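Residue-level listing of the chains:
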Amino acid sequence: MVRLAHALTGSVDAAEDIVQDAFARILGRTDGLDSPGGYLRTTVVNLCRDRERRRRRERRLRTPSADRITLSLGASEVVDVLLRLPYRQRAVLVLRYWGDWSEVEIAEALGCRSGTVKTLASRGLARLRKDVTP
Amino acid sequence: VSPTEIEMRLRHSLKELTATTPLANPDHPRAGPPGRRSRPQRLAVGAVAAALFIAAFALAVAYGPGSSDNGGSRSAIARAQTARHVAATVELRSEDLPGWPGYNTPTPDLGAAKKLAQCVGIRHSHVLPAVAVVRSKQFDNGVPTGSATTYAYSSTYVMATAAQAEQLTSFYRLPRFPSCYAHQTGAAIAAGLESTSHLLGVQVLGVGPAPPGVNTSDSQTVSTSYATQQQGATGVEHSVVRLLFMRIGRVVTFLVVSALLTAGPFPVTLFDRLAVTVSNRLVRATGAATASG
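Chains as they are written, first to last, in my numbering: chain A, 1 to 134; chain B, 1 to 293.
Hints in this document: simulated from the structure, not taken from any laboratory.
Given the structure is predicted, the values throughout are model-derived calculations rather than measurements.
Some clues are possibly wrong.
[Stated by the list, open to error] Derived SDA-like pairs: lysine to any residue, alpha-carbon spacing no greater than 20 Å straight-line:
1) A:K130 / A:Q89
2) B:K15 / A:S102
3) B:K15 / A:S72
4) A:K118 / B:E5
5) A:K118 / A:S102
6) A:K130 / A:R84
7) B:K15 / A:M1
8) B:K15 / A:D100
Model the full assembly from the supplied sequences, consistent with the hints where possible.
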């Protein structure tokens, strides 16, 4: 979960906070859930989205970067471009290519239709192809 | 860049990114700030702090200003103030006491006095030090010292003085301790009744002059006054029992509130989250400062 949040936010600190909040929200409510794990993943994705909205509202949005993490040159470039994508495009790419989620699962987590997931993935990949140097 | 290639690079980059994510590992705990206590130590400190807090609160309930329901504040200062005030107001002189130095004791009826002492019995009600000093001279291990006559005469005056002192004490404490006022007033009534019973008994038995309205030939007077005295004492005992239940209720309420505050589900969740968040921020701030330094 921390890795998922890290990939979505690019920040280790934010990832830990988000996962902690997600566990705190699910605490004591696992009995009424069919799939606590799925609920937890969806909660993490939504909390990452909330953090993105909050940062934008506070006008403190700057180019996110992986803090305190040293990546290879190629990976660093891809991650930087990925973190500049709109949140929903970023989330679709992360969940699809890192988490190997199905389109239905991604659509359920993001609260949209499967067709929207395809569109977001296509636009995200096009933006990556455009900005990443060969 | 081809679509396949960008997908491959994206997968590789995401795996590389998440592979560097620091995860909590119980075998390799992250280093906290220097001097940080371990969890058992923090639990022990918390338990000791909670015990000290509860003990301090209990002492405050038992001996603080709120302890008025059981006789007023028990602090040494409060007791000394009350004793000085009462001692300065209630004058108890030996020449006022029949049988004591300075008093011209009339010729007693020893048989009647002895019967009276047996009739009235020996009460050990709580009296103030000034009264207790004089009264203690009448008894030795519960047995009247000297002659029964001396006891019968002096006890009347001692108990009258005790009633006066109790009454004065109750008025003195009334503004701050209303329930204590009720308790002290009850004690004053009991002491006054005991004094009256002595007086009536002495007079009925022919030791002294009969007061107006008292039929000295009625042998029931002594037992009637004694019964009245017992009723007053019983009233005081009921009052003490009621106050005891009030104290127990207060302690139970305190324990319930404490349990809710320390073990309730909502505060635990709230405080736990808050404590964890603050702890994480401190750890990060310390780590960032160390790294930048």
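Violated hints, by number in ascending order, as checked against the structure: Of the numbered hints given earlier, the structure breaks none, since each of them holds.
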